[in-house]
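Participant: The lines below spell out each chain.
Protein chains: 2
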Amino acid sequence: MIQTKGRASIVYENPPRIIASASIVGTKEGEGPLGHLFDCIEKDPKFGKNTWEEAESELQLRTARKAMEKAGLSEEQVRYLFAGDLLAQGIATSYGIMELQIPLFGLYGACSTCGESLGLASMAVNAGYAECAMALTSSHFASAEKEFRFPLEYAGQRPLSTTWTVTGSGAFVLAAADSAMAKNAHVCITGITTGKIVDYGVKDSMHMGAAMAPAAADTIYQHLTDFGRTVEDYDQIITGDLGSIGQKILKDLMLEKGVDLGNVHDDCGILIFDAETQDTHAGGSGCGCAASTLSAYILPKLQRGEWKRVLLVPTGALLSKVSFNEGQSIPGIAHGVVLEMV
Amino acid sequence: MIQTKGRASIVYENPPRIIASASIVGTKEGEGPLGHLFDCIEKDPKFGKNTWEEAESELQLRTARKAMEKAGLSEEQVRYLFAGDLLAQGIATSYGIMELQIPLFGLYGACSTCGESLGLASMAVNAGYAECAMALTSSHFASAEKEFRFPLEYAGQRPLSTTWTVTGSGAFVLAAADSAMAKNAHVCITGITTGKIVDYGVKDSMHMGAAMAPAAADTIYQHLTDFGRTVEDYDQIITGDLGSIGQKILKDLMLEKGVDLGNVHDDCGILIFDAETQDTHAGGSGCGCAASTLSAYILPKLQRGEWKRVLLVPTGALLSKVSFNEGQSIPGIAHGVVLEMV
Chain A
0 MIQTKGRASI
10 VYENPPRIIA
20 SASIVGTKEG
30 EGPLGHLFDC
40 IEKDPKFGKN
50 TWEEAESELQ
60 LRTARKAMEK
70 AGLSEEQVRY
80 LFAGDLLAQG
90 IATSYGIMEL
100 QIPLFGLYGA
110 CSTCGESLGL
120 ASMAVNAGYA
130 ECAMALTSSH
140 FASAEKEFRF
150 PLEYAGQRPL
160 STTWTVTGSG
170 AFVLAAADSA
180 MAKNAHVCIT
190 GITTGKIVDY
200 GVKDSMHMGA
210 AMAPAAADTI
220 YQHLTDFGRT
230 VEDYDQIITG
240 DLGSIGQKIL
250 KDLMLEKGVD
260 LGNVHDDCGI
270 LIFDAETQDT
280 HAGGSGCGCA
290 ASTLSAYILP
300 KLQRGEWKRV
310 LLVPTGALLS
320 KVSFNEGQSI
330 PGIAHGVVLE
340 MV
Chain B
0 MIQTKGRASI
10 VYENPPRIIA
20 SASIVGTKEG
30 EGPLGHLFDC
40 IEKDPKFGKN
50 TWEEAESELQ
60 LRTARKAMEK
70 AGLSEEQVRY
80 LFAGDLLAQG
90 IATSYGIMEL
100 QIPLFGLYGA
110 CSTCGESLGL
120 ASMAVNAGYA
130 ECAMALTSSH
140 FASAEKEFRF
150 PLEYAGQRPL
160 STTWTVTGSG
170 AFVLAAADSA
180 MAKNAHVCIT
190 GITTGKIVDY
200 GVKDSMHMGA
210 AMAPAAADTI
220 YQHLTDFGRT
230 VEDYDQIITG
240 DLGSIGQKIL
250 KDLMLEKGVD
260 LGNVHDDCGI
270 LIFDAETQDT
280 HAGGSGCGCA
290 ASTLSAYILP
300 KLQRGEWKRV
310 LLVPTGALLS
320 KVSFNEGQSI
330 PGIAHGVVLE
340 MV
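Protein chains in written order, with numbering that gives the first Met the number 0: chain A, 0 to 341; chain B, 0 to 341.
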């Protein structure tokens, strides 16, 4: 029996297994605290291509191929691809995964897309629509700066509240619990909580942690309510890319709701860079931040049994260059995914 | 039993019902052949707002509210929203539907998003993840021209191969077949075929029909193969926005595959405008084209029993301003949705 829980959550009766994952990042990420954990660190920021956008497409394609290679699967065996990126009209994805020829659901949830893609892929697999599906997201520092702020050539100054967009991609191959593909896989998605848009009126695109923290708080609180759980039911609650300032805001907002995140909370944006030595200010961000950290750091911790249950909450800031220039606020959204060992 | 069919299709065991839909369009669409069928025709192209983007957000919000009103439902009764538009980072959707506070899956499939959203919403409802879900898409002539070509103030000349982006939005409320909500609804989604990206190398953003026709051909052919059906099994096969030139290319491509679309094919872009008198050249286009035509024209034909089974294939051109300026081709994607009377 599928159980819908509360307003925004689902508990799976046959939790889909994550049978393989891959992460590919750039040099700066490779020099960070998680550097030794990624599958590949690419030295060429252009990934052998001519433009930043093509570079991100190549990054996404290579990561998808790496995940399929690790799963021992061909493109034909992956029934659906749920994928997205940060660029206008999702071009990193469209041009990147074209040659895979897998039926595609294109997604946009800003940096929350990693959670959105895992949510929809697990819904499809659990329901029997696919024996196997892939969730795939990416971001690239240079394409994102160009897309949302200024081209790198302007050498714009970055205030301390900014985050540094991760050059990275993460791909996740999900298979049905009863599939032969899943027989050696022990990490599964046991449920999801789908976020709604939350806007506290933040207008500073150099302060994304503040823009997204209210959405993260909303989704985490909704999740705990829907599931009837407390923070103590989780080894870790890990947001996507709030960074160090966003983390403080999240903790304050949760305290206002009567929930103390204590030492259970972490953030992929804080984990992926050493802000002290890498000059990344508030932390890492981007669709590739949560995705590469999940693949390289979080899933192995679950596989080794160090953690039993993690709530991953990728967070997205729903602005565009146009909305920013027109003076609009920056609404946030966050999608929760429950990861457990079986 | 859920049946996955062939490479890219699903047949639903409990076909979700479309319990209500709504369409709101601009004046030009209101003056077209379907003008008398839309729920509302808004005279103010800015929809009472200050910018084209805010206008499209308002259009999408009003259409969502209209569909819920027709269904007799409040926001709280709609479990999930599957929505998107054509603008960078989907801002028409994000800012438009924010106040509904419905858990959101943000989508991007260019003008195919109407098909993608109906596909995912029907998957969710059929699987029991939601008693009720909404699919919602929009486009606006002025925001789209600004996004993909030139601001209107430039008064750019339009070649005869161009299509005219529809100012319009369509919203569809889906409910589970066994839900009390569905007891008076007779049109359902019996299956879907999910498209993959197809690129024939077209680089002219003023010739979108040519860019998208190969994807439409691929999805229609895949659909017929997966379902073991022929063109004669459909009263109509209706693409999203190929326009008159794209229609010719589609028919030629299908003939190459041994399939004669004969008189069964139509196209929302051809249906929505009178190209002779409305100066729209090849036809209408945009996320709102297929969506508003489906709500105003196609669903009523099914409800009245004039058609028994229709294959709707919204088509999308996956370009951005950046990919175009960097000399990239324009890949296409098309998602098929089978609509039937029960």
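Hints may contain errors.
No copy is singled out in the list; a pair is fine if it fits within one copy or between any two copies.
Unchecked claim - Under the rule of at most 27 Å between Cα atoms (straight-line distance), these lysine-lysine pairs were calculated in the BS3-like manner: (1) K307 / K45; (2) K4 / K320; (3) K182 / K320; (4) K42 / K4; (5) K42 / K65; (6) K202 / K4; (7) K182 / K250; (8) K202 / K320; (9) K307 / K145; (10) K182 / K42; (11) K45 / K202; (12) K182 / K247; (13) K250 / K320; (14) K145 / K202; (15) K48 / K202; (16) K300 / K250; (17) K65 / K48; (18) K247 / K48; (19) K48 / K307; (20) K320 / K48; (21) K145 / K250; (22) K45 / K247; (23) K320 / K45.
I should point out that these hints are in silico values taken from the structure, not numbers from a laboratory.
Participant: Now look at each hint and say whether the structure bears it out.
Facilitator: Outcome of the hint check:
Proximity of K307 to K45 under the C-alpha cut-off of 27 Å is found in neither arrangement, the shortest distances being 38 Å within a copy and 52 Å between copies. For a Cα distance limit of 27 Å, the shortest separation of K4 from K320 qualifies neither inside one copy, at 37 Å, nor across copies, at 41 Å. Taking CA atoms no more than 27 Å apart as the test, K182 paired with K320 passes in neither setting, with 46 Å inside one copy and 45 Å between copies. Neither within a single protomer nor between protomers do K42 and K4 lie at most 27 Å apart by alpha-carbon distance, with minima of 45 Å and 43 Å respectively.
Taking identical chains as interchangeable, the C-alpha atoms of K42 and K65 lie at most 27 Å apart only when both belong to the same chain, with a minimum of 17 Å there against 53 Å between chains. In this assembly of identical chains, K202 and K4 lie within 27 Å of each other by CA distance neither inside one copy nor across copies; the values are 34 Å within and 47 Å between. In the homo-oligomer, the alpha carbons of K182 and K250 never lie at most 27 Å apart, since the shortest distance is 39 Å inside one protomer and 46 Å across protomers. Taking the closest pair of Cα atoms, K202 and K320 come within 27 Å of each other both inside a single copy (12 Å) and across two copies (25 Å).
Taking the shortest alpha-carbon separations for K307 and K145, neither the intra-copy value of 40 Å nor the inter-copy value of 50 Å comes in at or below 27 Å. Within a single copy, K182 and K42 get their C-alpha atoms no closer than 35 Å, and across copies no closer than 60 Å, so neither meets the 27 Å cut-off. For the homomeric pair K45 and K202, the shortest alpha-carbon distance between copies (23 Å) is at most 27 Å, but the shortest distance inside one copy (31 Å) is not. For a Cα distance limit of 27 Å, the shortest separation of K182 from K247 qualifies neither inside one copy, at 41 Å, nor across copies, at 49 Å.
Taking the shortest alpha-carbon separations for K250 and K320, neither the intra-copy value of 29 Å nor the inter-copy value of 39 Å comes in at or below 27 Å. In the homo-oligomer, the alpha carbons of K145 and K202 lie at most 27 Å apart both inside one protomer (19 Å) and across protomers (23 Å), since each shortest distance falls under that limit. Taking the shortest Cα distances, K48 and K202 sit within 27 Å of each other only across copies (19 Å), while inside one copy they are farther apart (34 Å). When the C-alpha separation of K300 and K250 is checked against a cutoff of 27 Å, the pair qualifies only within one copy, where the shortest distance is 24 Å, while the shortest distance between copies is 54 Å.
In this assembly of identical chains, the alpha carbons of K65 and K48 lie at most 27 Å apart only when taken from the same copy (19 Å versus 47 Å across copies). Proximity of K247 and K48 under a CA criterion of 27 Å is satisfied in neither setting, with 39 Å inside one chain copy and 36 Å between copies. Neither within a single protomer nor between protomers do K48 and K307 lie at most 27 Å apart by alpha-carbon distance, with minima of 41 Å and 50 Å respectively. With identical chains, the CA atoms of K320 and K48 are at most 27 Å apart both within one copy (25 Å) and between copies (19 Å).
Within a single copy, K145 and K250 get their C-alpha atoms no closer than 31 Å, and across copies no closer than 41 Å, so neither meets the 27 Å cut-off. With identical chains, the CA atoms of K45 and K247 are never at most 27 Å apart, being 35 Å at best within one copy and 40 Å at best between copies. With identical chains, the CA atoms of K320 and K45 are at most 27 Å apart both within one copy (23 Å) and between copies (20 Å).
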